[in-house]
Amino acid sequence: MITIVKKAAKTSGGVVALARELGIKHTALYSWTRVPAERVLDIERITGVSRHDLRPDIFGPATSRRPSKLEKSA
Numbered sequence: 001m002i003t004i005v006k007k008a009a010k011t012s013g014g015v016v017a018l019a020r021e022l023g024i025k026h027t028a029l030y031s032w033t034r035v036p037a038e039r040v041l042d043i044e045r046i047t048g049v050s051r052h053d054l055r056p057d058i059f060g061p062a063t064s065r066r067p068s069k070l071e072k073s074a
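Residue 27 in my numbering is what sits at position 27 of the sequence shown, and the numbering runs on without skipping anything.
Calculated directly from the structure, the hints in this document are not laboratory data. Every residue, glycine too, gets a C-beta built ideally from N, C-alpha and C. Take the hints with a grain of salt, since some may be wrong.
[Stated by the list, open to error] Simulated restraints, written as ranges between beta carbons of each label pair:
1. 6 / 58: 15 to 25 Å
2. 63 / 25: 30 to 40 Å
3. 28 / 58: 11 to 21 Å
4. 61 / 25: 25 to 35 Å
5. 14 / 36: 11 to 21 Å
6. 42 / 62: 13 to 23 Å
7. 16 / 63: 15 to 25 Å
8. 13 / 41: 13 to 23 Å
Work out the full structure, taking the sequences as your base and the hints as a guide.
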């Protein structure tokens, strides 16, 4: 499992809880090498982790000065 997914899962109550919210099996999260583009907005909504942190290759760097949940928990 990639680090960003671990951190996102931690903010939502764990891997099983995040998977449940996404409507997938928790084992699917472990197979991700990066967050699938179609899951980014759902994960952002559920966890508060910015789409810019989840997939900077798609959404680019965050332009806001306000730290995301991920940065606050680091």
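Checklist entry - Looking at the structure, which of the earlier hints fail to hold? => result 7
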